[in-house]
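Model the full structure from these sequences, guided by the hints.
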Amino acid sequence: MPFDPARAAIRFGCGLSPSVAAPETPGAMLALLAGPDKAAAAFPAPGFEGVRKVHVAVVAARRRIRDAETQEARDAAARERAALVRDLRSEAAGWFRQTVLRRVTTEDGLRERLVAFWADHFTARGKGGPQRFGQAGYVEDAIRPHVAGRFADMLKAAATHPLMLLYLDQTGSVGPNSAIVTKRGRELGLNENLAREMLELHTLGVEGPYGQADVWQLAQVLTGLGYQREKGFVFRAKYAEPGPLAFMGRDYGSEAPSLNRVMDALEDLAAHPATATHLARKLAVHFCGDTPDAGMVAAMAEAYRAQDGQLMPVYAAMLEHPAAWSEGAGNVKQPMDFVTSALRALDITPRHLPAKPRAIMRHIVNPMTLMGQTWGAPPGPDGWPEADAAWITPQRMAARLQWGMSVPFRMMRLLPDPREFVETALGPEAPEAVRFAARAAETRAEGIGLVLASPAFQRF
Amino acid sequence: MTVTSRRAFMSRSLALGCSLAASPLVTPVTMASGPWDARLVVIILRGAMDGLDTVRPLGDPGFAGLRDGIPEAGPDLDGFFGLHPALSGLMPLWEKGELGFAHAVSTPYRDKRSHFDGQDILEAGTGPDAAGQARDGWLNRMLQAMPGVTSETAYAVGREDMLLLTGDAPVANWSPEAALALSPQAQRLLERVMHDDPLFRDSIDEAIALSRAEVMEMTGGEDLDAGAMMNAMQDNMQPTREADRVGSIVRFAAERLRQESRIAAFSLNGFDTHARQDRTLPRALDPLQEAVLTLRQELGDVWDKTAVLAMTEFGRTARWNGSGGTDHGTAGAMLLAGGAVRGGRVLADWPGLSEPDLYQRRDLMPTRDVRAFAGWAMRDLFGMDRGVIERTIFPGLELGSDPKLTL
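Quick mapping for you: the protein sequence lines, in order, are chains A and B.
Take the position in the first sequence, starting the count at 1, then add 3; the result is the number in this note's numbering.
Take the position in the second sequence, starting the count at 1, then add 150; the result is the number in this note's numbering.
The hints are simulated quantities; they were obtained by calculation from the structure and are not laboratory data.
Built from N, CA and C at the ideal position, the CB exists for glycine as well.
Hints are all accurate, no fakes.
Pulled a few chain B residues facing chain A out of the computed Cβ check, cut under 7 Å:
1) F266
2) N323
3) A328
4) A336
5) L339
6) R342
7) D347
8) L349
9) I354
10) E356
11) A357
12) A376
13) M380
14) M383
15) P389
Far from chain A, by Cβ distances over 12 Å, these chain B residues were calculated:
16) F213
17) A214
18) L216
19) G298
20) E405
21) Q447
22) D451
23) P501
24) G502
25) Q510
26) D530
27) G533
28) M534
29) T542
30) L549
Cut-off 20 Å, straight-line C-alpha distance, at most; resulting in silico cross-link-like pairs (EDC-like, lysine to aspartate or glutamate):
31) B:K262 with A:D172
32) A:K130 with B:D422
33) A:K130 with B:D311
34) A:K234 with A:E52
35) B:K262 with A:E190
36) B:K246 with B:D226
37) B:K455 with B:D530
38) B:K554 with B:D519
39) A:K130 with B:D477
40) A:K56 with A:E83
Structure representation (structure tokens):
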């Protein structure tokens, strides 16, 4: 199949829109991606730093609660702590709104899809306290700036980000012969969590050429990566295992530990041929279906290897391969893709989604939880499930249908004519059954809901 | 019979080929002889239930000093332990031997006391290193080890994901709050739209079939019009209060357990009682009591074959904190109920509450792995092999001595 604009917007973008034209060529899609990040400029969102500062303030308030000498002072500090968390929660709803509006309005839909893909590839989330609102800032800091750049740079940014270091327990990993252990005799040890996930999920892949010994050796190389609430990311040499350290046939660093040796190891992992294959296949499965064309995957992996792990050539190899444009049912949209592509097809504007936390929770965040995707809280380090069957269960399908029939009306009040909407949302290949349902529905809300619930809309 | 119910009926009949024991079409006599006759309900109590306040060791000389001013006395259990008054409605079960507890129990998780990691480890059933790495839950691994499991055998009930039942074995997931109420016209159009995509078609058919009881209650069997349908859908999009949802969740679970299902799991929230525990803990215990009582009532005869395990991620500090609550601790208590359970006992290798007896001088000392009780329950109820329990379902667990949980 040749390139098709509607398929490009649906399969590789944020969906069709009545006010944003679908891309005309793969080259046009890539040119937008290589250009400036206009969506982030139009709908800015902050990084993790603000969450860290709130955490510092919460800890200080907690200390004041503990040390208060009067009940009055204790109550005042407790109110202050509660207000900090409350404010952060409503700010976080605003960040989510920005993410939604980027997807609804962008002409560079591939970028938003890639941000979601790589954020999922490098899944991290806060486990408690103010950090549970940290995922959005992590994506802004570590993922978004690198989606059109080199994979190694994204790997380094993710692996040194406070949220990742906390999530995968790297902050508690200490070299068995590090200064802090040998000089102060403290009982601390390695934690392999980040090293294991880095090999299994982030780079070589679970089928990749590594074993338990490699996990253990990488864990030693990674010692020293740390996070301090007061400072953010730190390299703590006295917690790091002295070198030189062997890992996958190479030596890293000299006796004095440094951040450089970690960066060298990450460069080498990114450059490994198994990483190229793992990433190529994962991208192809995500965008093109569970059994991607072997030739396309090979071309993508080859582009990665030949061009120093640059990601743009990998995307180009995918979009320029005929298999990318095959007809037939694509993957099921995840709830975030479903909801935002629906709002895009409905052509909502920022006015329809007020910057009020309550509205954002009611219309989008709570319903998405019912569809199985709690924003910012993926279930494990391996991210959201890729399999269609994980999303289309009776309960989750019911939530998708109920959202489509009720929330657009709540948000917009004036809905488009379903007979026109079916063409806007599905393009020229809308199935006859969906066209019929749009004509025969008893109300506009029902007609819109039926179009949105249809497999033709629910799939990429 | 509508198209939908016929289809649902057919898909159940097809399941016959996979599992005779799990099919409603096989006579009860056959069912009773199979290993699948027992029922297991697992309730995850989220937020870390305070075992020391729920099942109070009043006979321990250290207790009064740690928990001075316990506001309201509850019923006596065995002369040593007393029950929280919010659970006093369960005393008839205790007296019949259908309610028991295990105390001073914990998962292998230690020291960091994070809800997130603690719940992961509780549901994954693995050792302490698995925090954040878990890919499947112990109840799913149990299903993987059992023959004849169908998609109806186990239900995760409620709107949240449960790692406990996640994994390769098929598990059904439904929440009665998701009940799908459709006007006849909308249902016809939906069937037409979904017709050619089996994944979507089967899901929506199943959703309609599972919604039938709730919708009947809502409409009294009248057809819905388009406006009423939309109102119902709007309501469904919003979260409901714990107290409102527990009844419908448990009634749904019981309905499935009376039929093909053998295992059900759901969560109750709200146990994170950092402040004013005299108010906050009863708010969490009320739904637990309601859940147990509703199960007994709704299960009918099946209650006699049922074991209910309610477990939490860790216990709470032995002492009150400065806000009249308790902070994250280590060992806690587990509730066991059901007609199949040998209750009327608090199972505990009691560690004592004097300061040196406390874990890190602050928490109740764990003396037994809470997984051992779940392991013995599945051995007693389903005849699970000891080696499979210790190696696959709960890797690294030593089951230890037999607490003889069931009759």
